[in-house]
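**Student:** For the record, the sequence lines run as chains Z and F.
All residue numbers for the first sequence refer to numbering that gives the first Met the number 0, where the first residue is 0 and numbers rise by one.
All residue numbers for the second sequence refer to numbering that gives the first Met the number 0, where the first residue is 0 and numbers rise by one.
It is worth saying that the hints were derived from the structure and are not from the lab.
Where a beta carbon is used, it is the ideal one built from N, C-alpha and C, also for glycine.
Please note that a few of the clues may not be correct.
[Unchecked claim] In silico DSBU-like cross-links for lysine-lysine, where the CA-CA straight-line distance does not exceed 35 Å:
hint, chain 1, residue 1, chain 2, residue 2
1, Z, K40, F, K35
2, F, K516, Z, K322
3, F, K501, Z, K322
4, F, K152, F, K454
5, F, K446, Z, K37
[To be verified] Now the in silico label distances, taken between C-beta atoms and shown as ranges:
hint, chain 1, residue 1, chain 2, residue 2, range
6, F, I24, Z, I24, 50 to 60 Å
7, Z, Y48, F, K348, 55 to 65 Å
8, F, G219, Z, D86, 12 to 22 Å
Protein chains: 2
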Amino acid sequence: MARDTSRDGFSNTALTYTLSNFKPIWDFIQSNQALKRKVNKFLVNSLIYRIPTRPYPYSMMTLDPYIPGTDKPKKTDTYTSWDSLQDRTYTGRHLPPDPEFNQEGNLPNIESLAVLFRKRDGKTKYSEKSTLLFPYWVQWFTDSFLRIDHHNKLKNTSNHEIDLCNVYGLTRKQTNLLRSFQGGKLKTQKLKRKDGVEEDYPLFYYADSEQGIVDPQFEGLYTPINDEKRLPPERKAKLFAMGVERANVQLGYVMLNTLCLREHNRICDVLAENYPNWDDERLFQTARNILMVIILNIIMEEYIYHITPYYFNFFADPESFTKESWYRTNWMSIEFDFVYRWHSAIPEKFIYDGKETPMYASLWNNQMLIDKGLGALMEETCSQPATQIGLFNTPEFLIELTELPTISLGRKTQLASYNDYREMCGFPRVTDFNQITGDDYTQQKLKELYGHVDKLEFFVGLYAEDVRENSAIPALVARLIGIDAFSQALTNPLLSPNIFNKETFSPVGWEIIHNTKTVSDLINRNVPHQDSPYKVTFDL
Amino acid sequence: MARDTSRDGFSNTALTYTLSNFKPIWDFIQSNQALKRKVNKFLVNSLIYRIPTRPYPYSMMTLDPYIPGTDKPKKTDTYTSWDSLQDRTYTGRHLPPDPEFNQEGNLPNIESLAVLFRKRDGKTKYSEKSTLLFPYWVQWFTDSFLRIDHHNKLKNTSNHEIDLCNVYGLTRKQTNLLRSFQGGKLKTQKLKRKDGVEEDYPLFYYADSEQGIVDPQFEGLYTPINDEKRLPPERKAKLFAMGVERANVQLGYVMLNTLCLREHNRICDVLAENYPNWDDERLFQTARNILMVIILNIIMEEYIYHITPYYFNFFADPESFTKESWYRTNWMSIEFDFVYRWHSAIPEKFIYDGKETPMYASLWNNQMLIDKGLGALMEETCSQPATQIGLFNTPEFLIELTELPTISLGRKTQLASYNDYREMCGFPRVTDFNQITGDDYTQQKLKELYGHVDKLEFFVGLYAEDVRENSAIPALVARLIGIDAFSQALTNPLLSPNIFNKETFSPVGWEIIHNTKTVSDLINRNVPHQDSPYKVTFDL
Numbered sequence: 000m001a002r003d004t005s006r007d008g009f010s011n012t013a014l015t016y017t018l019s020n021f022k023p024i025w026d027f028i029q030s031n032q033a034l035k036r037k038v039n040k041f042l043v044n045s046l047i048y049r050i051p052t053r054p055y056p057y058s059m060m061t062l063d064p065y066i067p068g069t070d071k072p073k074k075t076d077t078y079t080s081w082d083s084l085q086d087r088t089y090t091g092r093h094l095p096p097d098p099e100f101n102q103e104g105n106l107p108n109i110e111s112l113a114v115l116f117r118k119r120d121g122k123t124k125y126s127e128k129s130t131l132l133f134p135y136w137v138q139w140f141t142d143s144f145l146r147i148d149h150h151n152k153l154k155n156t157s158n159h160e161i162d163l164c165n166v167y168g169l170t171r172k173q174t175n176l177l178r179s180f181q182g183g184k185l186k187t188q189k190l191k192r193k194d195g196v197e198e199d200y201p202l203f204y205y206a207d208s209e210q211g212i213v214d215p216q217f218e219g220l221y222t223p224i225n226d227e228k229r230l231p232p233e234r235k236a237k238l239f240a241m242g243v244e245r246a247n248v249q250l251g252y253v254m255l256n257t258l259c260l261r262e263h264n265r266i267c268d269v270l271a272e273n274y275p276n277w278d279d280e281r282l283f284q285t286a287r288n289i290l291m292v293i294i295l296n297i298i299m300e301e302y303i304y305h306i307t308p309y310y311f312n313f314f315a316d317p318e319s320f321t322k323e324s325w326y327r328t329n330w331m332s333i334e335f336d337f338v339y340r341w342h343s344a345i346p347e348k349f350i351y352d353g354k355e356t357p358m359y360a361s362l363w364n365n366q367m368l369i370d371k372g373l374g375a376l377m378e379e380t381c382s383q384p385a386t387q388i389g390l391f392n393t394p395e396f397l398i399e400l401t402e403l404p405t406i407s408l409g410r411k412t413q414l415a416s417y418n419d420y421r422e423m424c425g426f427p428r429v430t431d432f433n434q435i436t437g438d439d440y441t442q443q444k445l446k447e448l449y450g451h452v453d454k455l456e457f458f459v460g461l462y463a464e465d466v467r468e469n470s471a472i473p474a475l476v477a478r479l480i481g482i483d484a485f486s487q488a489l490t491n492p493l494l495s496p497n498i499f500n501k502e503t504f505s506p507v508g509w510e511i512i513h514n515t516k517t518v519s520d521l522i523n524r525n526v527p528h529q530d531s532p533y534k535v536t537f538d539l
Numbered sequence: 000m001a002r003d004t005s006r007d008g009f010s011n012t013a014l015t016y017t018l019s020n021f022k023p024i025w026d027f028i029q030s031n032q033a034l035k036r037k038v039n040k041f042l043v044n045s046l047i048y049r050i051p052t053r054p055y056p057y058s059m060m061t062l063d064p065y066i067p068g069t070d071k072p073k074k075t076d077t078y079t080s081w082d083s084l085q086d087r088t089y090t091g092r093h094l095p096p097d098p099e100f101n102q103e104g105n106l107p108n109i110e111s112l113a114v115l116f117r118k119r120d121g122k123t124k125y126s127e128k129s130t131l132l133f134p135y136w137v138q139w140f141t142d143s144f145l146r147i148d149h150h151n152k153l154k155n156t157s158n159h160e161i162d163l164c165n166v167y168g169l170t171r172k173q174t175n176l177l178r179s180f181q182g183g184k185l186k187t188q189k190l191k192r193k194d195g196v197e198e199d200y201p202l203f204y205y206a207d208s209e210q211g212i213v214d215p216q217f218e219g220l221y222t223p224i225n226d227e228k229r230l231p232p233e234r235k236a237k238l239f240a241m242g243v244e245r246a247n248v249q250l251g252y253v254m255l256n257t258l259c260l261r262e263h264n265r266i267c268d269v270l271a272e273n274y275p276n277w278d279d280e281r282l283f284q285t286a287r288n289i290l291m292v293i294i295l296n297i298i299m300e301e302y303i304y305h306i307t308p309y310y311f312n313f314f315a316d317p318e319s320f321t322k323e324s325w326y327r328t329n330w331m332s333i334e335f336d337f338v339y340r341w342h343s344a345i346p347e348k349f350i351y352d353g354k355e356t357p358m359y360a361s362l363w364n365n366q367m368l369i370d371k372g373l374g375a376l377m378e379e380t381c382s383q384p385a386t387q388i389g390l391f392n393t394p395e396f397l398i399e400l401t402e403l404p405t406i407s408l409g410r411k412t413q414l415a416s417y418n419d420y421r422e423m424c425g426f427p428r429v430t431d432f433n434q435i436t437g438d439d440y441t442q443q444k445l446k447e448l449y450g451h452v453d454k455l456e457f458f459v460g461l462y463a464e465d466v467r468e469n470s471a472i473p474a475l476v477a478r479l480i481g482i483d484a485f486s487q488a489l490t491n492p493l494l495s496p497n498i499f500n501k502e503t504f505s506p507v508g509w510e511i512i513h514n515t516k517t518v519s520d521l522i523n524r525n526v527p528h529q530d531s532p533y534k535v536t537f538d539l
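With the rest of the complex left out, here is chain Z (with noise of 0.2 Å):
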């Protein structure tokens, strides 16, 4: 049964069809860069402005239930304090909580509603767009600002920019660690695919991975999570020493840390040679600065083109938005972090080498990067679908321990209902599940789980909703990604108007960033000459 549009507003309807239609007319406008510039911030504005701008009223501190700094017991009303307009270690939200919604009795039981997420006969949806690259990108990027406390989940631990923390570190201190502070560059290591090539890499963690120790040049550099901790020798040997806890958890983060260390050096070399009298810290600091604007580069223009079904292409044009109200320090919301939670995106088995391999084989398993090499492994990874994101189809290890969690969190921090940041961003309140999803059996499951869609909770709605035609994401989902997206990627400082310049970058670091577009350049140009290009792309 095709879904009920009727909910889904003029004004939104409008705009996809005009954007996802008139292929001609978008190419011509796409053609002059004057009009291009002007549409680009017309839709970015009028995408961000939707919903109200940052900074926020609350944050998750006034539902941290002690006093901030001291042991003594609070209530928990909801109101704005100097504290919580001023401390970034709590994450930020969208919207108050609203503790009616989430008192005890108005929902569905947590684990009543692992069938929701569970695959439907066992059957896995796969991507029609988006190839295993996509969700490997995005799990490897927002790794780097959605960082939730395991501490205390009402924190991110992020320093809330796309700064790259998972190549560098988050402090200083950790920065330091990775630097050979030789020629600019991080510390790398040669070795050997099967089939002899050699290929850079970050050093090994462990100095003696039998009795888990750290090699002492890396002390300090992050505390070991319990996963970590289990892992035996064998794989514990081979852990790189990289910027976040997280950095070895699965292949395709290793892949793409990895991309950044060699893109680094490499960048490293370019300037040096140019540049002779550059000592290692000029050359270390711009070779940063060069790799963070080319990853937003690609976030805001590959990426973000592969997750609309638009034909107009955004792209990254800072000086269009110098003067907007939402141009505001950033702080990462719960609900940037929910959006992002796309468990279902990740196949329980996949390709390897040719061969069918069960996904978690791929965890902390460098091993597999190592004798594949970088450019074959990712032409593979671009070669197979991603699963699709949405309910029903969520690998069944991940339901207990990410999903249900989730929307334990959701409850824990009073996250106002679906309807509600439907309303928020634009969207007419559905009054049925059948406008929210054309799929009887979903639709079956949340009415007989929620009773009305006005019970809904944010996580589940966010992807009970159907992929949009030739998308990769749900209609709100993308919404909030992109409000979030654009407005906390724009406001980087090295993309403002005094920094972003031929002064900051160097003229040789200006055209590396100019002439960088795809992840597929940055392959091609940091693995090992063969004879044609890899393959490389977001795009089934």
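Given chain Z, put chain F in place with the hints provided.
**Tutor:** What follows is chain F alone, placed relative to chain Z:
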């Protein structure tokens, strides 16, 4: 001899002339709310946009001879690094370092410059515009954000906000030591004036002043500075426990801190009466927010009106500025620090209780306030003039202690020349000393010491300029203060659109904010009742 005004710049002169004349027109403009807002917005913007806006490409970090976080010395090239863009523990700067200008031998010997500050024939020049409250206020409020780190003068230990840290402390931990956790109030004690009437004060900091033992409830509040450590026990006994290590430094500082303490607690009473369900935490946080906005308003209205010679009263109109590219994360600059080094504004002697008293007697001497009481002491402060800001007017003991070290700091941080800063701020470069000041002796001394105006350094140039007619400060000082003050006060999160409302401050708090316009309002409602209000004003 009159000053040669040919290098003042036509637009500058025209603007000042227009603003300082045509009173009926300005009165008319200010009688129309919409027009007044437009003019306010235009004037504030045209001031701030004279110079490049934040974020600054360079911070003092580039001058730190050690790689931060390591002990490896580095070359001190100047370039933009991610660290320098992020790390607000380092002071910012408007112009990049100028090593050539500051090189050995290019500038006069520092000791030889003492003559520029020393009073001529021992004569003190008194201000024709300002009462002694003016420098007291300035020292007090700037001390909350211009906090040079004494361990590393390239750093600033503030939160870069007008956050009343002098009253509430810099961190939550410090704040909590000052709170009573009863009814939202700060800890207070009643102390008797000489006439026997009791007034409210902060608690004493020392439990045993003979032994120098701090009251255990204030352990960790701050580390006493050397001046405090050297005090005799009878002075120590009367020091108050307040937000920062310098809060007891001088009578004016203690008066204004005491005023804020009383107003905070008064607001708590009003809120508690109107919102009986509020707990201590909410009362505290809301009272603090209200008080911060009151002080911000006084700074942007009463204080700014005092320092300018204009008929137009600037006012805090946060909504006018949300779409400005200068509306960026605060970052205190070294230049902002230098334009507030008004050592010449403090007279060597002042009237206390009707008697001429050396100013140094007012240092670390809270008994003077306790004996007389806040209202009477404030009125007496406002009945006598400050001294004039400029060269040849600094109390002798401050020349070696503050003026010469400031020049030394300017050189260490490689500040650009006075003329470069003029140019940055939209003033034509001067070509002769007689364009800076009309005073022959000053011209002659500057010429002897510097030879050419292009060699004049920033700090000396700032205060060599004549104070403008009917103004409290010279032109370049005024411009830089305006730029940094407006662009860093209006960005206070409490003034942002989604927060500056009755929801945040409560309807009662909103009313308090809008009904408080002057220091006099604050004083007269926080002192024991008397028949006629105390006269409290910046204007002589």
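**Student:** For this structure, which hints from the list above don't hold up?
**Tutor:** 5
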